[in-house]
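K.L.:
These are the residues of each chain, in order.
There are 2 protein chains.
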Amino acid sequence: MNAPSLDELKFGPPEAGSGGLIPVVTQDARTGAVLMQAYADRAAVQRTLDTREATYYSRSRGEPWVKGQSSGHTQRVVSVLLDCDGDSLLYRVEQTGPACHTGEYTCFHRPLLEGEPAQSGLDGTLERVYGTI
Amino acid sequence: MNAPSLDELKFGPPEAGSGGLIPVVTQDARTGAVLMQAYADRAAVQRTLDTREATYYSRSRGEPWVKGQSSGHTQRVVSVLLDCDGDSLLYRVEQTGPACHTGEYTCFHRPLLEGEPAQSGLDGTLERVYGTI
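Top line first, the protein sequences correspond to chains A and B. Counting along the first sequence from 1, when you hit position 87 you're at 87 in the numbering used here, and nothing is skipped either side. So the numbering used here is basically just the index in the second sequence, starting at one, shifted up by 1000.
Just chain A, same shape as in the assembly (with noise of 0.2 Å):
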């Protein structure tokens, strides 16, 4: 796989047409790993807090849609969290299998920017685990 560019994304406009989405962030709750952005409508989102199956929208094909239907790649709904000001939307969920399509474990899996956080050394790695704790 080649390394992606900036040429690769698709700046769309989030303002207008398709009506009635708020973005949905999922993470999987027991790795952190952020595993996909999508969208979901309202029905959606209210089959999700009924279900704990993660419930989206698909804009491309202008339906809803229940993760891992067809792929068996459900996602069980932890928690749902609205951001602060009521615009954005994380699941945290139990994945089953890849998340991604592609078979990839998260859909984030191609790097513009690569690195490491400054804090990589001992000290860092028992902090982390002391946070996983």
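Since the hints were derived computationally from the structure, they do not count as laboratory data. By construction, the Cβ of each residue, glycine as well, lies at the ideal position given by its N, Cα and C atoms. Some hints here could point you the wrong way.
What the hints assert, rightly or not - Computed list of chain A residues with no C-beta within reach of chain B, every gap over 10 Å: (1) S58; (2) E63; (3) P64; (4) V66; (5) G68; (6) Q69; (7) S70; (8) S71; (9) G72; (10) T74; (11) G97; (12) C100; (13) H101; (14) R110.
Said to hold, decoys possible - Examples of chain A residues lying across from chain B (beta carbon under 10 Å, computed): (15) Q27; (16) V45; (17) T48; (18) L49; (19) L81; (20) L82; (21) C84; (22) G86; (23) S88; (24) Y91; (25) R92; (26) L112; (27) G115; (28) E116; (29) A118.
Position chain B relative to chain A; hints supplied.
P.N.:
Below, chain B without anything else, positioned relative to chain A:
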């Protein structure tokens, strides 16, 4: 603070309008916490890559927005990842101070649905510790 309800969600239309924006998910590279979700235009992404200062585009103000420029709560960008289909970005950052303008550590601090991962015994802890190391 009252518990939030579905009525507080702003279901915006992400398909048209201001043009040229991509959603950005921001994660604390040290703790794994999802801090915020915002938007960037191409210039903001380029500036982020060039300077490692997390830069967004403010839809409300209609201008570029260098996180922390007025508050001091800056984000040093450790890595930037593009998702599988090129329509979402992940900034992994070292956060200075709180990420949220409310003073909370993360913007996602209002639970709509609460819970913990099923795997919460010692086995799960060790797995998370190994994953952290």
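K.L.:
Indicate, hint by hint, whether the structure satisfies it.
P.N.:
For each hint, the structure was consulted:
no., hint, result
1, S58, "holds (12 Å)"
2, E63, "holds (15 Å)"
3, P64, "holds (14 Å)"
4, V66, "holds (16 Å)"
5, G68, "holds (16 Å)"
6, Q69, "holds (19 Å)"
7, S70, "holds (17 Å)"
8, S71, "holds (14 Å)"
9, G72, "holds (18 Å)"
10, T74, "holds (13 Å)"
11, G97, "holds (15 Å)"
12, C100, "violated (5 Å)"
13, H101, "violated (7 Å)"
14, R110, "violated (4 Å)"
15, Q27, "holds (6 Å)"
16, V45, "holds (6 Å)"
17, T48, "holds (8 Å)"
18, L49, "holds (5 Å)"
19, L81, "holds (4 Å)"
20, L82, "holds (4 Å)"
21, C84, "holds (5 Å)"
22, G86, "holds (5 Å)"
23, S88, "holds (4 Å)"
24, Y91, "holds (9 Å)"
25, R92, "holds (8 Å)"
26, L112, "holds (4 Å)"
27, G115, "holds (5 Å)"
28, E116, "holds (6 Å)"
29, A118, "holds (7 Å)"
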